[in-house]
Amino acid sequence: MASLLSCPHCGTRPKEEFTIKGAALTRPASDAPAEAWFAHVYLRENPRGNYEEYWHHTSGCRRWLVVTRDTATHEVDGVRDAAASPNREGAA
Amino acid sequence: MSDQATGKPVITHRPVLAARKPVIGTGVSIEAIPEGHVIHVLAGKGAENLAPFLAEHAPEQALFAVRAVSPGQWFIVGKKPLSNSESTALISTLEPKADCVDQSHGRVRIRVSGSKVEQMLAKGTAVDLAPTAFPLGHATTTLIGHVAAHITRTDAESFEIIVLRGFAESLWDDFETMGREFI
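Protein chains in written order, with this note's numbering: chain A, 1 to 92; chain B, 1 to 183.
Heads up, a few of these hints could be off.
Negatives, chain B to chain A, calculated, CB over 12 angstroms [claimed, not checked]: (1) PRO15; (2) LYS45; (3) ALA58; (4) ALA156.
SDA-like, lysine to any residue: derived pairs with alpha carbons at most 20 angstroms apart [what the hints assert, rightly or not]: (5) A/LYS21 to A/VAL76; (6) B/LYS45 to B/GLU95; (7) B/LYS21 to B/LYS79; (8) B/LYS123 to A/ALA83; (9) A/LYS21 to A/ALA72; (10) A/LYS15 to B/LYS21; (11) B/LYS45 to A/ALA84; (12) B/LYS123 to A/THR12; (13) A/LYS15 to B/HIS146; (14) A/LYS15 to B/ALA126; (15) B/LYS45 to A/ARG62; (16) B/LYS45 to A/ALA72; (17) A/LYS15 to B/SER70; (18) A/LYS15 to B/LEU129; (19) B/LYS123 to A/ARG80; (20) A/LYS15 to B/GLY145; (21) B/LYS45 to A/ARG80; (22) B/LYS45 to B/ALA98.
A few chain A residues facing chain B, derived, Cβ under 7 angstroms [as the list claims (entries may be wrong)]: (23) HIS9; (24) CYS10; (25) ARG13; (26) PRO14; (27) GLU17; (28) TYR54; (29) HIS56; (30) GLY60; (31) ARG62.
In short, the hints are calculated from the structure, not lab data.
Cβ atoms here follow ideal geometry from the backbone N, Cα and C, with glycine treated the same way.
When you get a sec, could you build the whole thing from the sequences and use the hints?
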């Protein structure tokens, strides 16, 4: 797990200020078949390498962020505001 | 307790840090800032930066009476409690652009200052408080220990800490402990 994250609004902060939500996945359409929703909710890849996750800056600006983290080295490749992400609800 | 004539409850405002005497040390000082007003301002979705607009309308025209909280959020702070009409007037001025929540009874301000104040705060928070990274007027929300707090640099060697009322005494005690070697 990364121990330092650079919040685009607050600067570099320790992970204790954040809450992790899990993989940042594109949501299926609301009328998608049950299998697609089952996969979205329960099934996860376990890739080695870069992985996008939602993190909430709970004790800072309280913004949802998308963190790109390497699952093998824990290096953080990038952090962006979730509102600027194409994965956000209602998009695409 | 209720008023005998009207039967309405009487609410007496009691400053939470009233019993704490200011701690004036050689390197660090801790003082309670009079409980005036703290108005939380939240901009509407997609609203532009309201900081200049707020600075213009803040009741106390003193420098840095508006504190940035997070994207689209600010605190308007002042030492003087706002009367009902003053607070209604302020909120109705800001309302076309933002929503306001009066936090005057919910948040308390503490001033910590002195030549060693950055070292003292560094024991509790991960924020880089060096003047280059955290210049005059800069503000941020963070943790001090496990307590959520909002820090503003109000002077070269002075910081204002805004904390939830219920945590104010606890944080005050923490500051005394953190600053003991400098007092």
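Structure-based check of each hint:
No beta-carbon of chain A is positioned within 12 angstroms of the beta-carbon of B/PRO15; the least distance is around 26 angstroms. A cut-off of 12 angstroms between C-beta atoms contradicts the statement that B/LYS45 is not in contact with chain A; the least separation is 9 angstroms. Distance check for B/ALA58 against chain A: the nearest CB is about 21 angstroms away, which clears 12 angstroms, and the non-interface claim stands. Distance to chain A confirms B/ALA156 as a non-interface residue, since its nearest Cβ pair spans about 20 angstroms, more than 12 angstroms.
For the hint linking A/LYS21 to A/VAL76, the alpha-carbon distance of about 16 angstroms falls within 20 angstroms, and the restraint holds. Of the pairs offered as hints, the one joining B/LYS45 and B/GLU95 holds, with about 13 angstroms between alpha carbons and a cut-off of 20 angstroms not exceeded. Using a Cα cut-off of 20 angstroms, the hinted pair B/LYS21 and B/LYS79 holds, with the two alpha carbons roughly 18 angstroms apart. In summary, the hint linking B/LYS123 to A/ALA83 is not supported, as the alpha carbons are separated by about 33 angstroms, beyond the 20 angstroms threshold.
At roughly 19 angstroms between alpha-carbon atoms, A/LYS21 and A/ALA72 fall within 20 angstroms of each other, so this suggested pair holds. Under the criterion of a C-alpha separation no larger than 20 angstroms, the hint pairing A/LYS15 with B/LYS21 is inconsistent with the structure, at around 35 angstroms. For the proposed pair B/LYS45 and A/ALA84, the alpha carbon gap of about 13 angstroms is at most 20 angstroms, so the pair holds. For the suggested pair B/LYS123 and A/THR12, the alpha carbons sit about 17 angstroms apart, so the restraint of at most 20 angstroms is met.
At most 20 angstroms may separate the alpha-carbon atoms for a hinted pair to count; A/LYS15 and B/HIS146 meet this at roughly 13 angstroms. At most 20 angstroms may separate the alpha-carbon atoms for a hinted pair to count; A/LYS15 and B/ALA126 meet this at roughly 10 angstroms. Distance hint between B/LYS45 and A/ARG62 is fulfilled; the C-alpha atoms sit about 15 angstroms from each other, no more than 20 angstroms. At most 20 angstroms may separate the alpha-carbon atoms for a hinted pair to count; B/LYS45 and A/ALA72 exceed this at roughly 38 angstroms.
About 18 angstroms separates the Cα atoms of A/LYS15 and B/SER70, which keeps this hinted pair within 20 angstroms; it holds. Note on A/LYS15 and B/LEU129: the hinted pairing holds, with a Cα-Cα distance of about 18 angstroms set against a maximum of 20 angstroms. For the proposed pair B/LYS123 and A/ARG80, the alpha carbon gap of about 29 angstroms is over 20 angstroms, so the pair is violated. Between the alpha carbons of A/LYS15 and B/GLY145 the distance comes to roughly 14 angstroms, so the proposed pair stays at or under 20 angstroms and holds.
Taken as a hint, the B/LYS45 and A/ARG80 pair is honoured in the structure, with Cα atoms around 18 angstroms apart against an allowance of 20 angstroms. Taken as a hint, the B/LYS45 and B/ALA98 pair is honoured in the structure, with Cα atoms around 9 angstroms apart against an allowance of 20 angstroms. Because the smallest distance between the Cβ of A/HIS9 and any Cβ of chain B comes to about 6 angstroms, under 7 angstroms, the interface hint for this residue holds. The closest approach between the C-beta of A/CYS10 and any C-beta of chain B is roughly 6 angstroms, which is under the 7 angstroms cut-off, so the hint is satisfied.
The beta carbon of A/ARG13 is positioned within 7 angstroms of a beta carbon in chain B (closest approach about 6 angstroms), and the interface hint is therefore held. Look at A/PRO14: its Cβ gets to within about 5 angstroms of chain B, closer than 7 angstroms, so that hint holds up. This hint holds: A/GLU17 has a C-beta 6 angstroms from the nearest C-beta of chain B, less than the 7 angstroms allowed. Checking A/TYR54 against chain B by beta carbon gives a least distance of about 17 angstroms; that is not within 7 angstroms, so the hint is violated.
Interface hint status for A/HIS56: violated, as the beta-carbon distance to the closest one in chain B is roughly 12 angstroms, over 7 angstroms. The beta carbon of A/GLY60 comes within 5 angstroms of a beta carbon in chain B, closer than 7 angstroms, and the hint placing it at the interface holds. For the restraint placing A/ARG62 at the interface with chain B, the shortest Cβ-Cβ distance is roughly 6 angstroms, inside the 7 angstroms limit, so the hint holds.
In summary, the numbered hints that this structure violates are 2, 8, 10, 16, 19, 28, 29.
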